[in-house]
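A.B. asks: Residue numbers (this note's numbering), protein chains in the order written: chain A, 1 to 274; chain B, 1001 to 1797.
In case anyone wonders, no lab produced these hints; they're calculated from the structure.
Source: prediction; values computed, not measured.
You may find that some hints are simply not true.
Covered stretches of chain A (in silico footprint by chain B; criterion: 3 or more residues with CB under 8 Å from a CB of chain B, positions within the stretch not fixed) [stated by the list, open to error]:
hint: 1; segment: 2-12
hint: 2; segment: 179-188
hint: 3; segment: 247-260
Just so you know, even glycine gets a beta-carbon here, dropped at the ideal spot from N, CA and C.
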Amino acid sequence: MIPAAFDYVRAGSAAEAISLIGQHGDEAKFLAGGHSLLPLMKLRLAAPSVLVDIGRVTDLSYIRDAGDHIAIGALTRHMDVETSAVLKEHAPLLAHAASHVGDPQVRHRGTIGGSIAHADPASDLPATTLALGATYVAQGPNGTREIAATDFYQGFLESALAPDEMLTEIRVPKMGGAGWSFQKFNRRAQDWAIVGVAAWRGSNGSGVALVNMGSTPILATSVSNALAQGASVSDAAQLAAEEAEPQSDLNASPEYRVHLAKVLVRRALEEAGK
Amino acid sequence: MTVTDDRPASVLGTRRLRKEDPALLTGEAKYTNDLDLPGALHLAVLRSPYAHARIISVDTSAAATSPGVVAVYSGADLADTWGAPMPSAWAVTADMKNPAHYPLASGKVCYVGDGVACVLATSDAAARDALDLIDVQYEPLPAVVDLEDALSDRVVIHEDLGTNSSYTWDLKIEGHEGQVDEAFANAAYTVRERFVQQRLIPMAMEPRAVAAVPQPFGGDMVLYSATQVPHILKVMVALTLGIPEHQMRVIAPAVGGGFGSKLDVYAEELLCVALARKHKVPVRWVEERGENTVATIHGRGQIQHVELAADADGKLTAVRIRILADMGGYQQLITAGIPILGAFLYAGVYDLPHAYDFSCTGVYTTLTPTDAYRGAGRPEATYAIERAMDVLADQMGIDPMDLRKRNFIRKEQFPYTAFTGLTYDSGDHLAAAEMAAELADYAGVRARQATQNVPGATKLLGIGQASYFEMCGLAPSRVLASLNYSAGGWEAATVRVLPTNKVQVVTGTAPHGQGHETAWSMIVADRLGISPDDVDVLHSDTAIAPLGLDTYGSRSLPVGGVAIAMACDKVIDKAKKIAAHQLEANEDDLDFVGGSFTVKGSPDRTMPLAAIAFEAFTAHNLPDGLEPNLEAQVTYDPPNFSWPFGTHICTVEIDTETGQVDVLQYVAVDDCGNQVNPLIVEGQVHGGVVQGMAQALYEEAVYDSDGTLKNASLAEYLVPAASDVPNITLGHTVTPSPTNPLGVKGIGEAGTIGSAPAVMNAVIDALSSLGVSDMPMPASPHNVWKAIQSAQQGASK
Ligand SMILES: Cc1cc2nc3c(=O)[nH]c(=O)nc-3n(C[C@H](O)[C@H](O)[C@H](O)COP(=O)(O)OP(=O)(O)OC[C@H]3O[C@@H](n4cnc5c(N)ncnc54)[C@H](O)[C@@H]3O)c2cc1C
Chain A
1 MIPAAFDYVR AGSAAEAISL IGQHGDEAKF LAGGHSLLPL MKLRLAAPSV LVDIGRVTDL
61 SYIRDAGDHI AIGALTRHMD VETSAVLKEH APLLAHAASH VGDPQVRHRG TIGGSIAHAD
121 PASDLPATTL ALGATYVAQG PNGTREIAAT DFYQGFLESA LAPDEMLTEI RVPKMGGAGW
181 SFQKFNRRAQ DWAIVGVAAW RGSNGSGVAL VNMGSTPILA TSVSNALAQG ASVSDAAQLA
241 AEEAEPQSDL NASPEYRVHL AKVLVRRALE EAGK
Chain B
1001 MTVTDDRPAS VLGTRRLRKE DPALLTGEAK YTNDLDLPGA LHLAVLRSPY AHARIISVDT
1061 SAAATSPGVV AVYSGADLAD TWGAPMPSAW AVTADMKNPA HYPLASGKVC YVGDGVACVL
1121 ATSDAAARDA LDLIDVQYEP LPAVVDLEDA LSDRVVIHED LGTNSSYTWD LKIEGHEGQV
1181 DEAFANAAYT VRERFVQQRL IPMAMEPRAV AAVPQPFGGD MVLYSATQVP HILKVMVALT
1241 LGIPEHQMRV IAPAVGGGFG SKLDVYAEEL LCVALARKHK VPVRWVEERG ENTVATIHGR
1301 GQIQHVELAA DADGKLTAVR IRILADMGGY QQLITAGIPI LGAFLYAGVY DLPHAYDFSC
1361 TGVYTTLTPT DAYRGAGRPE ATYAIERAMD VLADQMGIDP MDLRKRNFIR KEQFPYTAFT
1421 GLTYDSGDHL AAAEMAAELA DYAGVRARQA TQNVPGATKL LGIGQASYFE MCGLAPSRVL
1481 ASLNYSAGGW EAATVRVLPT NKVQVVTGTA PHGQGHETAW SMIVADRLGI SPDDVDVLHS
1541 DTAIAPLGLD TYGSRSLPVG GVAIAMACDK VIDKAKKIAA HQLEANEDDL DFVGGSFTVK
1601 GSPDRTMPLA AIAFEAFTAH NLPDGLEPNL EAQVTYDPPN FSWPFGTHIC TVEIDTETGQ
1661 VDVLQYVAVD DCGNQVNPLI VEGQVHGGVV QGMAQALYEE AVYDSDGTLK NASLAEYLVP
1721 AASDVPNITL GHTVTPSPTN PLGVKGIGEA GTIGSAPAVM NAVIDALSSL GVSDMPMPAS
1781 PHNVWKAIQS AQQGASK
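Given the sequences, and given the hints that come with them, work out the whole structure.
C.D. replies: In structure tokens, the structure reads:
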């Protein structure tokens, strides 16, 4: 488990990190918690020549009430998301989902920004923020821009971020007391989901997103549409995999994944409706 | 009159904390890779990405000029280095076919992970980088992944052998051959099942690590290795490399688990020693985790055809077994013998007169070699008979517990001479089963099941049992001879009382997590009447403990621990002569209690061992002809195996919508005779149960049709973690072994042997109302779901 040789620089601020990435070009990568990037490097599936460590950009570690939404700094660790009183009050689905990421070591190192920037369809927080209708803030050499979660995920481990753009903030709309559920189906407690469902349902609608049901996190819009048109939970759940393109892997065939998605969406909506 | 027993309470049977643990838990223990070896070169091995291919060329030129690289060798470059092929110590039949196997392949590769070249460099990173620069041209050949395909010889892997079949080993009961067919012809019930023991990756927490350190002048070599078998390794390395044995010293520093995977002689051990001799500097190697999944042996890998015949009452009348065993691309140290270790146990704990017919064929495939893995042969046997018993009970429409009770060897039949000629020294299967049933509330679960498992239910309850007999404590040397094994089964011990009455114990066992230092010092403390804290246990260094046969097969306590008790007794005998001399008493008039000799009836005429130890050291006043010092050595060859037994009961609930199996409760009742330290016994049972449960629910080495391992990492090969393990309720019956003075039996493998069949019987029991009668391990959610789907499709046809 020895990675290829690389250089290491530590950034003190987002601006410095972006300029360092600019200097080193394509072969450079941001290093946040390192819990997705370092395993890839150790397996030599990734071999960046420079790592720009943003792990100590502490001013990007925060969770703030910003009126209609909660603003979360990209460098906030999963453990802080999980235990945040602000999130427990206004976006409990996200706090709860964060408690299902990996194991305590992973949650103390991994960051919400790293998880979203990595754009792994099997990760819990991309799908959860997608279900919640989040907006992501990216900062680049020419300033900042907002990217809707629905526009962010473009393919397997591919996002709308440019190589020299850094994710700085995640904005999650307040849930306003909507019911919610997070269903994570896996074989061992610390594993990624075989299939996962993040769902909420309130007076103003619903949001359902699927983990590991395609090359990106999937927003199950057919389910929400059916519910809006008055379908029962079990009928709506039958549409769980309409938008999905599930893969086959050691844990599940595509058919089994589709089946699980239907079962888990039904259970999620039942729980959210309680 | 009241009689008080003023002997001090024995330390035996107490829950003493392990003296090994502080160093392990604080991270201060030194493993092989922690050794500071100035000037050492780092070895890295380039491994074949093909399961089966001819090596056309190996170009090492670019790697040789990579920074930090000292040398690069292909298999052909080193061909002259080996005095003999890699050792294989168990030719199970006289005509067994065993291809020559060298530390690096040269003509062709036979599994993904087979070494083809190696780099020596000044750092591990430099060595690893250079691997990417070695250019090997291969001509890929078809992979042989499936055992039945291998047997067909469609593709012959070792052309010189002409076949993939290595051997067929039969066990037929002389004089009773016709009885098997007769029993099947007359049977009221017959069972015919095919079970698959999937390949498992042992996955010790510490991967393998090796360091070979040449000594100044003269050619002596010290080999450090994360091994279970320093003594065997010393002999084998000496033989393979032509090093005089007395110049080889093997040390196993702290070793982080083995489970059989470190009971071997590996290519990297031979490479490190050979290259350290060649370059005259230390050479070290540590295995990467991914490498560990392909380059360290695998376990299990069998297809079992099991047939039972029974009379109208369900009494077993015959057992017929046909095994196909996957040896992988080559044989490692005892590959061929693993299924044979189970051959005697396919009738389990049941009273079967003579109608037994066993045959095993070992075949080569283009996969990682298999070898010993916790239980080695015995979990496979227990699984087969215990699953088949449940099938028989189902056929008869009776409770599987009831069927077992009808067939158990009864307590009063012990010692029981089995059809194989082996003597089961002691046992009480009914007591263990009844205790387990009570702890598991067997009747209560059955009652709940009747109300819960109704048509349409999505949560199904299941309860399953396995009763086992284990043949361990390897082993009487003459029995090993009859099985063609090339070593004995004795163990050696030295007990040395130092001048200040502290005790050194030298053992030939090689602990790698078991707690021998604690247990052996408790045995000595009990015998000599001293504190366990005053005992130091020396082991795992062939210069300090030159005699030994190491640790595997649940042998350390029933063979090595017994040797220590016997050495203590010899020390006491000698001490008694000194005491008699000094107290001017007759030896027969002395009692040895609480560490002191006292003249019977004269409590004031007494001499403590401490005084005797000092007398033995000064030798100023010893009886005529008695040698100075207080030390005794014993080599103990056990007269019989040790026969632990027990019953495990598992209760599961299955979510039929997802296929998820939840273990609600696990009960293990194990009888390992007298317990030296119940804390250690419990730890062994817990770990063992989880390892067997892992086979039932989580683990499987998955290969694609090209022979590539698909789950070569801990993210994909699912070793259960603490959070995945249910509470385990333990119970113990105590039936002391009558064949050794401590009355002990092995406990290292028992948990693994009982648990896979107990869990699978529970899973099938839960699903039986849906028409599922068997399914492959592991009972992963996906596999359970598929089993339900296909049973339902079958039913709707
Ligand atoms: C054993 C284990 C188990 C795990 N289990 C789970 C699980 O169950 N569920 C789950 O969701 N995740 C799981 N993870 C992943 C974990 O959540 C990671 O921490 C997370 O996915 C990545 O966050 P990070 O901060 O570690 O990112 P890093 O690994 O540092 O970076 C990941 C990628 O994102 C880029 N990046 C990081 N931060 C930024 C930024 N601010 N702007 C732009 N690019 C950035 C990096 O350049 C890199 O390409 C697990 C990880 C491990 C090691």
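A.B. asks: Can the segment 179-188 of chain A be counted as covered by chain B under the rule of three residues or more with Cβ-Cβ separation shorter than 8 Å?
C.D. replies: With 3 residues closer than 8 Å to chain B, the segment 179-188 of chain A meets the three-residue bar; holds.
A.B. asks: According to a criterion of three or more residues whose C-beta lies within less than 8 Å of a C-beta of chain B, is the segment 2-12 of chain A covered?
C.D. replies: As far as the segment 2-12 of chain A goes, the hint holds, because 3 residues have Cβ atoms under 8 Å from chain B.
A.B. asks: Can you tell me if the segment 247-260 of chain A counts as covered by chain B, using C-beta to C-beta distances under 8 Å and a minimum of three residues?
C.D. replies: holds (count 7)
In the structure shown, no violation is registered for any of the earlier numbered hints.
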